Amino acid sequence: MAPNSQAPVLCIDGPSGSGKGTITQLIATKLGWSILDSGALYRLTAIAALRQNVALDDESSLAAVAAGLDCSFESSKPGEPVRVMLAGEDVTSELRLETTGDNASKVAVLPEVRAALLQRQRDFQQLPGLVADGRDMGTVVFPNSQFKIFLTASAQARAERRFQQLKAQGEDVRIATLLQEIEARDARDMGRKAAPLKAADDAITIDTTEYSIEQVLEKVLLLVNPK
Numbered sequence: 001m002a003p004n005s006q007a008p009v010l011c012i013d014g015p016s017g018s019g020k021g022t023i024t025q026l027i028a029t030k031l032g033w034s035i036l037d038s039g040a041l042y043r044l045t046a047i048a049a050l051r052q053n054v055a056l057d058d059e060s061s062l063a064a065v066a067a068g069l070d071c072s073f074e075s076s077k078p079g080e081p082v083r084v085m086l087a088g089e090d091v092t093s094e095l096r097l098e099t100t101g102d103n104a105s106k107v108a109v110l111p112e113v114r115a116a117l118l119q120r121q122r123d124f125q126q127l128p129g130l131v132a133d134g135r136d137m138g139t140v141v142f143p144n145s146q147f148k149i150f151l152t153a154s155a156q157a158r159a160e161r162r163f164q165q166l167k168a169q170g171e172d173v174r175i176a177t178l179l180q181e182i183e184a185r186d187a188r189d190m191g192r193k194a195a196p197l198k199a200a201d202d203a204i205t206i207d208t209t210e211y212s213i214e215q216v217l218e219k220v221l222l223l224v225n226p227k
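So the sequence shown is numbered by the numbering used here: it starts at 1 and just counts up by one.
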């Protein structure tokens, strides 16, 4: 389906652990808009590549995997993540693993892969509106969007949030290890030549380090519906 240029797009960019996913779902529910989890597409590409025995540094083969992704996003219960399907299989849990995120970050630096996924992301722009969660939504994918937010937080705060999430899931993790991984991913995302992680010139930056989810939600809603 071709994109609908009349549909509004709210871009929510920022580093991993800044609260993008949670805020995106809450905003989409409030507004009745659909969701684009762009990061999931890169994670899906990494998962599919490994299943097809494609090396994560084989750019042309990875681009072919990205272009041929058989994936869909399905609604879940309130408070739970959107279910992500790959070739008919629910890969939501695998998608959220730290190793998958690390692999996706490696894949995302490759220009041919980004080009293969660009139009697919733009096709999500449909009425009544779209909340696009990613790292280059406002700078590359939807540069003409009226609404652009850049969420950030200290690396320490993001590591602590991730630690609490994984601990709640029964996983044995160390904050020091998570912090190291987050800092390495940040450096890779901000240093890549293709669409580096940065706030769009016309984006509103919100540092969520000291804010609750409810406070961030209120600030974002005021941008879309200033009343």
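Honestly, I wouldn't trust all of these hints.
To be verified - Below, computed lysine-lysine pairings styled on DSS-like, alpha-carbon distance capped at 30 Å:
1) Lys-106 - Lys-167
2) Lys-167 - Lys-193
3) Lys-106 - Lys-193
4) Lys-30 - Lys-193
Unchecked claim - Computed Cβ-Cβ distance ranges for the label pairs, DEER-style:
5) Gln-126 - Glu-160: 18 to 26 Å
6) Asp-102 - Ala-7: 14 to 22 Å
7) Ala-168 - Thr-209: 17 to 25 Å
8) Gln-52 - Ala-115: 15 to 23 Å
9) Ala-67 - Ala-168: 34 to 42 Å
Honestly, the hints are just simulated from the structure, not real lab data.
Since the structure is predicted, the reported quantities are computational estimates derived from the model, not experimental observations.
In this text, a Cβ means the ideal position worked out from N, Cα and C, and glycines have one as well.
Hints, verified against the model:
1. Lys-106 - Lys-167: 26 Å, holds
2. Lys-167 - Lys-193: 35 Å, violated
3. Lys-106 - Lys-193: 12 Å, holds
4. Lys-30 - Lys-193: 36 Å, violated
5. Gln-126 - Glu-160: 18 to 26 Å: Since the Cβ atoms of Gln-126 and Glu-160 sit about 37 Å apart, the hinted range of 18 to 26 Å is violated.
6. Asp-102 - Ala-7: 14 to 22 Å: Hint violated: Cβ distance 33 Å, outside 14 to 22 Å.
7. Ala-168 - Thr-209: 17 to 25 Å: 21 Å Cβ-Cβ, so the 17 to 25 Å window holds.
8. Gln-52 - Ala-115: 15 to 23 Å: Cβ of Gln-52 to Cβ of Ala-115: about 19 Å, so the range 15 to 23 Å holds.
9. Ala-67 - Ala-168: 34 to 42 Å: At 36 Å between Cβs, range holds.
The earlier numbered hints that this structure contradicts are 2, 4, 5, 6.
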